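So the protein lines, in turn, are chains A and B.
In terms of this note's numbering, the first sequence opens at residue 28 and continues consecutively.
In terms of this note's numbering, the second sequence opens at residue 207 and continues consecutively.
Just so you know, the hints here were simulated from the structure itself, not pulled from any lab data.
Since the model is a prediction, treat every value here as computed from it, not as a measurement.
Cβ coordinates follow ideal geometry from the N, Cα and C atoms, glycine included.
Hints may contain errors.
From the derived model, a few chain A residues whose C-beta atoms are all more than 10 Å from chain B [unchecked claim]:
(1) THR32
(2) GLU37
(3) ARG94
Which stretches of chain A does chain B cover? Using the computed rule of at least three CB atoms under 8 Å from a CB of chain B, they are [said to hold, decoys possible]:
(4) 51–63
(5) 103–110
(6) 137–149
Among the chain B residues that face chain A by a calculated CB cut under 10 Å, a handful are [stated by the list, open to error]:
(7) THR255
(8) HIS256
(9) LYS309
(10) ARG330
(11) PHE334
(12) PRO335
(13) LEU339
(14) VAL401
(15) VAL406
(16) GLN435
(17) GLU438
(18) LYS439
(19) GLN565
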Amino acid sequence: MLEKTGVPTEQDLAGVIPPRERLARGPVAVIECFQRIPCNPCYTACKQGAIREFADINDPPVIDFDRCNGCALCVSKCPGLAIFVVDETYSADRALVKLPYEFLPVPARGQEVDLLNREGRVVGRGRVERVQNAKVQDRTLIIWVAVPKELSMEVRNIKVGDCQ
Amino acid sequence: MICVQRTEIAIVGAGPAGLSAAASAASAGAAVTLLDRQEQCGGQLIKQTHAFFGSEKQYASVRGIDIARLLTEQVRALPNVEILNEATVLGYYQDDGVLAFEKDDRFQKIKPERLIIATGASERTLAFPNNDLPGIYGAGAVQTLMNVYGVVPGRRVLMVGAGNIGLIVSYQLLQAGVEVAAIIEAAPKIGGYLVHAAKVRRMGVPILTSWTIKMAHGQDAVEGATIWQLDEKWQPVPGTERELEVDVICIAVGLSPLAELLWQAGCAMKYVPELGGHVPVRSELMETTVPGIYVAGDVAGVEEASSAMVEGRLAGLAAAQSLGYGLTDAAGLIEEAQRQLESLRCGPVGEKIRRGLAQVGR
């Protein structure tokens with residue numbers, strides 16, 4: 028259970044994972060924020076109006092998957108680093124996961140990295156497709172990593188080896 | 207002869223609460239003297255590299271270090287604020303309303319018309335065998351070492367406490383390349399925000415709830431720790447011991463308000479565990495039972511920095527208003543600050559705070 032382990036359960040995730048049909052249409056945000064805490068920057072960051080205005084600042088975010096275009100603006104604005112963008116249309120067998128990253132070394136584009144799940148366990152290898160580090164992100168980088176499609180809802184971190 | 211300086215409002219502590227109080231009081235027109243023992247303003251913010259929660263009104267998504275800079279710049283831009291850094295307040299003399307402080311190796315005195323105490327809180331410690339070995343730190347000390355001075359405390363850390371500070375400092379240790387063996391938490395649940403917990407979990411750090419430290423080991427410094435599990439009654443279960451090889455044990459078991467000045471001033475105090483210890487009884491405008499003495503931030507009850515900033519604004523406005531400043535718009539600003547505090551505290555994580563605050567109304 029999340030409050031004991033810090034890892035969301037399948038049941039927790041079932042409430043935030045976009046429906047299959049939406050995932051089949053391209054990139055979309057997955058907001059893994061399960062606790063009522065006073066916080067709303069995801070709503071103020073979203074230019075698409077996809078994250079509903081908070082009636083109470085403690086409400087967990089509610090996202091309209093049809094309005095979300097997967098732009099990832101919210102990813103680096105979330106103080107909890109709890110938002111990921113998943114694109115299951117990336118290629119025939121690969122999905123793209125865009126994840127927030129605040130560690131060194133920064134991976135290079137094209138670099139192969141270990142893929143980690145929500146418990147930090149290595150679940151496979153993936154390739155860094157892009158590293159976003161715009162000023163507006165304020166030092167929270169967004170790493171685009173291509174992962175085996177079946178791992179799109181598992182991979183939530185990467186481990187970068189020493190640069191060769 | 208020691209001469210006594212005068213000011214309209216003296217504020218003790220230039221952390222998020224004190225800086226916000228200085229900004230609001232001075233913007234209303236009052237002459238403010240802000241005293242802080244450190245060489246730079248910002249209090250604990252200067253080592254908080256993580257982005258804040260809350261809303262835009264409390265600098266959500268901005269990192270603590272940058273909020274310190276923003277608030278300090280805001281206060282520095284106000285001509286009617288005098289900032290005294292490296293000024294350690296030593297005492298308050300109740301009879302004549304004089305605040306004594308040490309600065310430039312001199313004992314100095316200032317007599318304010320209003321006083322805002324924003325001294326914050328100090329870290330609690332934990333009793334266990336060998337807890338005096340070098341390598342055992344408070345989490346705040348580790349954060350200062352790393353994020354202010356750029357020094358890592360060791361190679362492998364046991365974090366004791368899974369509140370926000372324990373979780374955040376664990377993440378920052380990982381960022382600095384230090385290994386975190388485990389985070390243990392005596393309570394059956396993680397106390398900090400679960401998103402902070404998720405961040406360290408996906409780095410592979412285990413969080414063990416209902417676990418505590420039994421003892422530390424080492425000759426001249428920490429070489430390891432024994433941890434053991436607690437039952438439902440918080441009693442250690444013999445036979446569950448585990449050994450961890452660590453050279454740092456980091457204690458993050460909560461904070462207590464730094465209320466000495468309030469005691470000296472004769473403010474009515476109340477022991478409220480929900481707020482971290484002895485806290486002052488106060489009005490909705492943050493005025494204590496001693497007229498003219500206000501409080502803001504962790505000294506009034508341990509909470510998030512977001513609330514500390516809003517309380518500071520509120521106390522600053524109220525103190526200025528009581529001197530006759532800002533009368534045209536003060537009411538609206540005060541109401542707005544109170545509304546923000548209410549919204550920050552109205553959720554489940556604010557439940558404990560609400561229970562605590564219900565006991566300290568004047």
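Status of each hint after checking the structure:
1. THR32: Its Cβ does come within 10 Å of chain B, the nearest being 6 Å, so this is violated.
2. GLU37: holds (15 Å)
3. ARG94: About 21 Å separates ARG94/A from the closest Cβ of chain B, which puts it past 10 Å; holds.
4. 51–63: As far as the segment 51–63 of chain A goes, the hint holds, because 5 residues have Cβ atoms under 8 Å from chain B.
5. 103–110: holds (count 6)
6. 137–149: holds (count 6)
7. THR255: holds (9 Å)
8. HIS256: Holds: closest Cβ of chain A sits about 7 Å from HIS256/B, inside 10 Å.
9. LYS309: At about 36 Å, which exceeds the 10 Å cut-off, the nearest Cβ of chain A leaves the hint on LYS309/B violated.
10. ARG330: violated (23 Å)
11. PHE334: Interface hint status for PHE334/B: violated (23 Å vs cutoff 10 Å).
12. PRO335: Because about 28 Å separates PRO335/B from the closest Cβ in chain A, which is outside the 10 Å limit, the hint is violated.
13. LEU339: violated (28 Å)
14. VAL401: Since chain A brings a Cβ to about 3 Å from VAL401/B, closer than 10 Å, the hint holds.
15. VAL406: holds (7 Å)
16. GLN435: Check failed: Cβ of GLN435/B comes no nearer than 13 Å to chain A, outside 10 Å.
17. GLU438: This hint is violated: GLU438/B lies away from chain A, its Cβ roughly 13 Å from the closest one there, beyond 10 Å.
18. LYS439: violated (17 Å)
19. GLN565: Status violated, d = 22 Å.
Taken one by one, the earlier hints fail for this structure at numbers 1, 9, 10, 11, 12, 13, 16, 17, 18 and 19, listed in ascending order.
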